[in-house]
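Trainee: Quick mapping for you: the protein sequence lines, in order, are chains A and B. Numbering-wise, my numbering comes out as the position in the first sequence, counting from 1, plus 36. Numbering-wise, my numbering comes out as the position in the second sequence, counting from 1, plus 39.
Rather than coming from a laboratory, the hints here were simulated on the basis of the structure. Watch out, some of these pointers could steer you wrong.
Label-pair restraints from in silico Cβ distances [unchecked claim]:
| no. | chain 1 | residue 1 | chain 2 | residue 2 | range |
| --- | --- | --- | --- | --- | --- |
| 1 | A | E646 | B | G50 | 50 to 60 angstroms |
| 2 | A | D201 | B | S172 | 47 to 57 angstroms |
| 3 | B | G120 | A | I568 | 31 to 41 angstroms |
| 4 | B | S172 | A | T679 | 54 to 64 angstroms |
| 5 | B | A66 | A | R232 | 39 to 49 angstroms |
| 6 | A | D94 | B | D218 | 26 to 36 angstroms |
| 7 | B | V173 | A | E699 | 46 to 56 angstroms |
The calculated lysine-lysine pairs, modelled on DSS-like cross-linking and capped at a C-alpha distance of 27 angstroms, are [unchecked claim]:
| no. | chain 1 | residue 1 | chain 2 | residue 2 |
| --- | --- | --- | --- | --- |
| 8 | B | K47 | A | K236 |
| 9 | B | K47 | A | K337 |
| 10 | A | K61 | B | K257 |
| 11 | B | K47 | A | K61 |
Okay, the calculated bits of chain B under chain A, using three or more residues with CB under 8 angstroms as the criterion [stated by the list, open to error]:
| no. | segment |
| --- | --- |
| 12 | 146-157 |
| 13 | 208-221 |
| 14 | 236-244 |
| 15 | 257-265 |
Computed from a predicted structure; not experimentally measured. Think of the CB as a built atom: it goes at the ideal place given N, C-alpha and C, for glycine as much as any other residue.
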Amino acid sequence: MVNPIKPDRSVVTTCAYCGVGCGFKAETHQGRVVRMIPWKESKANHGHSCIKGRFAFDYYQHPDRVRTPLIREDINQPWREVGWEEALGFAAKRFRSIQQRHGARSIGAISSSRCTNEEIFLVQKLARAVFGNNNIDNCARICHSPTQFGLSATVGWGAASQNFDSIMQADVIMVVGANPTEGHPVFGSQLKRRVRQGAKLIVIDPRRTETVRSAHVEAAVHLGLRPGTNVAVLNSISHVIVREKLFNEAFIRERCEWHEFEHWCDLVGSDRYAPEVIGPEAGLNPADIRRAARIYASGPKSAIYYGLGVTEHSQGSTGVMCLGNLSLACGMLGREGVGVNPLRGQGNVQGGSCLGSWPHVFSGYRFVTDDDVRHSFENDWGVTLDPEPGLRLPNMFDAALTGHFRGMYIMGEDPVQSDPNQSHIIEAMRAMECVVIQDLFLNETARYAHVFLPGSSSLEKDGTFTSAERRVNRVRKVVEPIAGLQDWEIVVKLMNAMGYACNYDHAGQILDEIARLSPAYRGISFELIDRIGSVQWPCDESAPEGTEVLHRERFPRANGRGTFMLTEYVATRERTSDTYPLLLTTGRILSQYNVGTQTRRTANSQWHAEDVLEISADDAHTRGIRNGDRVWLSSRYGATELTVQISERVRAGLVYTTFHHAETRVNVVTSDLSDWATNCPEYKVTAVEVSLHKPAIAQIKREEEATA
Amino acid sequence: MDYGTPLKTSGEMVSITINGQALEVAAGNSIMAAALMHGIDIPKLCATDNLDAYGSCRVCLVEVDGMRGYPASCTTLVSAGMVIRTESEALIRLRKGMLQLYLSDFPAGDIPDGWSEFHRTLQQVGVTDHPYSVSKTHLDAPVDESNPYFLFDPAKCIVCNRCVRACEEIQGTFALTIDGRGFDSKVVAGQDQGFFESNCVSCGACVQTCPTQALVEKSLFPEGYQRG
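Turn these sequences into a full structure, and let the hints steer you where they fit.
Mentor: In structure tokens:
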């Protein structure tokens, strides 16, 4: 055969990777997916794609996929293959037994931003209606929880104010702690296109990333700040805007409370935030801070895009508030080309955030303590719900070690690999009586599980994802689930096995339930999405086909106005010392995706077979390290071994690595500090040392024993 | 639907005549896009509506009253009062001649049963073979299979530049270029390093836009690639 095989079927669906939410036509030949073609009509990607969504789909039929449910009495035994009924019955019995002995609140559930909206909603329903508690959290805890908190506090909703296409009207683009050309490549291409058309680019990032400079694109200002100084630098930018009177008085008077603005001016306008003071602290030239402030304020249309470089800090929530304040002060909200936009790492971080996968709120960020809201769910679900907020993810692990928490249902997450302070989590996992994992592969966490429920990939199920631009995109079943059931069907069966009767004919009925119980999703249904392609929430009677740009007339807060939050800079407790003189920060690379569960099972690994440690030539030289050497990376928390790459992207004092490979165990090294408001871990700042020889630390030994 | 050039839907409307039919279209559109908006599908190869018009393949030629020769409908914008013919004996002869030239340097075994954009244009114009005896071709040029996901077969490349333009305009990586001139001109990645070693980021924009499947997904060749 010389000509290529011609696909015989094509199904429009949504990419399983990052928060851009690209539309693809999944083309099959004789029942197998043979290629993913970017969908031209998609409003997210307009027919463009990246290496992950376009090519890295073969993991779905990888031999490692688990095809049968597995159970075992305890984690030292080998797995036993069983049928669905037996596995679900086993899990249900253990969960109920724990609850009988230790109380209703002794078990909990975790969902993932890789799940569909329908699955995320069902898992929180499992915790609330079936477990009878609010012990429900999701992995956005460790990435964008500060976004929800920080943006809600300032502009009212923890979500992007714009659609992606809005950037094509921006005159100034400010990227903070994000590297879209690697992490959100299709949006990165759009950003570069706009810069080539003449928009000015400001990048705030410790590394000289590809976003800072690439072919025909160069940032007007790159603030290569010292990790951990975001809040100081953003306050300093605000300082310039206040002192030089670059703010938008008309906007503030009309859309905010003037006295709150004045209060904020007193803080950021004080001498301690002058660029001449903050510059040396953050490792920046004060003139660059001033220049960035003037460019941002002068717009006329300035848009902020930010990532985990803002949120994963001990002042992550404060950093997000700084961005909210800045856009309010300059009137950069409520129209095309402006806004504050979180770039979400996983396909459904936004959905995970807004559909109640949190211990304290129902869908739409409405508190579980609110009687009216709770009653609306009780009426729909036919059960009485716990009015007390539940445990956050890190608190679940803490409680496991004190014996108060003994069972966990985990869907699509690998906390042992992705969460901070790995040894602590492993200890907690070992202490639990029943860990149920629903996933595609036996991941690191599955080592400590009692029940494994083989899930379905996004090519094998129906549902929706909500992308970083609040766009609800349809996920359509392309091929049959490899283990027989779609993920939402497994959750329903577990609910039934635990004695809660509920039934859905198809995933669209779950979305109908979401719409019934969540104001922002009120008008959203499979029918609407099938008709118009996709829809951005809020979607209701006043916006029957969704909303592209938020905050046009009012902010979704009680008084309808934006608020200036006070954002005093408090330096992280994580400091360099003589023993740990370098700062480690972490990030992603184009060809791999998060902990690599999917991408490492594709040819993408040919580009990035291992995580490497980027180090400046200066720091390498003084340590006798050469390019390609194996080195030890050690911190106060642990140590791991990596290959070194001397790089101009990092300057002296800074080292950088990615976290895609389990073998690297970067999270052994990262600190256990976290955001003051949301517990989002401080992955972006760890004091470390790099050496050719294995450091003698008792901690390392303990680590090795724990994982042996 | 591919209009061939980026659509302009707003702005001043102008009156034109295509094949005797009086039409109103927004100024700034190409003749090609204007025609297709009204159901007239002019054959094309190097034009696609997510890239700027380029005018290299010479297949989309039309006749315009008052203009000399046969302007390319992709690079010629509509203007008020324009009278255009998209079909005539001369145009059919020119298009066939052009496509026959392309076929004279295309693997013969891959002409029947193909389903690329190029094959559709061949069918549209009614060309299945060529009259030339050829001594010099690209049929022995090596296939670049270095990228794990897609391959590049220079023998099927018509040097329309769409891949190079997609890499620049859509992806913004500028990894591809045309090296050499005339018969020697060829698509190269990076410093002629092959796709895998080059600065190509495998976004797939070039594969997506290639009209001849010279750039094509390896997954469509379960038995491995073989040139026809």
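Trainee: Evaluate each hint against the coordinates.
Mentor: Status of the hints after comparison with the structure:
1. Range check, E646(A) to G50(B): about 53 angstroms between beta-carbon atoms, so the 50 to 60 angstroms window is met.
2. Range check, D201(A) to S172(B): Cβ separation about 53 angstroms, and the 47 to 57 angstroms hint holds.
3. For the pair G120(B) and I568(A), the beta carbons lie near 38 angstroms from each other, so the given range of 31 to 41 angstroms is met.
4. Roughly 57 angstroms separates the CB atoms of S172(B) and T679(A), a value that falls within the hinted 54 to 64 angstroms.
5. With their beta carbons about 25 angstroms apart, A66(B) and R232(A) fall outside the hinted range of 39 to 49 angstroms.
6. Distance hint check for D94(A) and D218(B): the Cβ-Cβ separation is about 32 angstroms, which falls inside the suggested range of 26 to 36 angstroms.
7. The supplied range of 46 to 56 angstroms is met by V173(B) and E699(A), whose beta-carbon atoms lie about 54 angstroms from each other.
8. Only pairs whose Cα atoms come within 27 angstroms are accepted, and K47(B) paired with K236(A) is accepted, the gap being roughly 26 angstroms.
9. In summary, the hint linking K47(B) to K337(A) is supported, as the alpha carbons are separated by about 24 angstroms, within the 27 angstroms threshold.
10. As the CA atoms of K61(A) and K257(B) are separated by approximately 17 angstroms, the hinted pair is consistent with the 27 angstroms bound.
11. Of the pairs offered as hints, the one joining K47(B) and K61(A) holds, with about 26 angstroms between alpha carbons and a cut-off of 27 angstroms not exceeded.
12. Chain A is given as covering the segment 146-157 of chain B, and this holds because 6 residues of the stretch bring a CB closer than 8 angstroms to a CB of that chain, at least three being needed.
13. Remark: the segment 208-221 of chain B is confirmed as covered by chain A, as 6 of its residues place a Cβ nearer than 8 angstroms to a Cβ of that chain, reaching the required three.
14. Remark: the segment 236-244 of chain B is confirmed as covered by chain A, as 5 of its residues place a Cβ nearer than 8 angstroms to a Cβ of that chain, reaching the required three.
15. Beta-carbon proximity to chain A at under 8 angstroms applies to 6 residues in the segment 257-265 of chain B; the threshold of 3 is reached and the given coverage holds.
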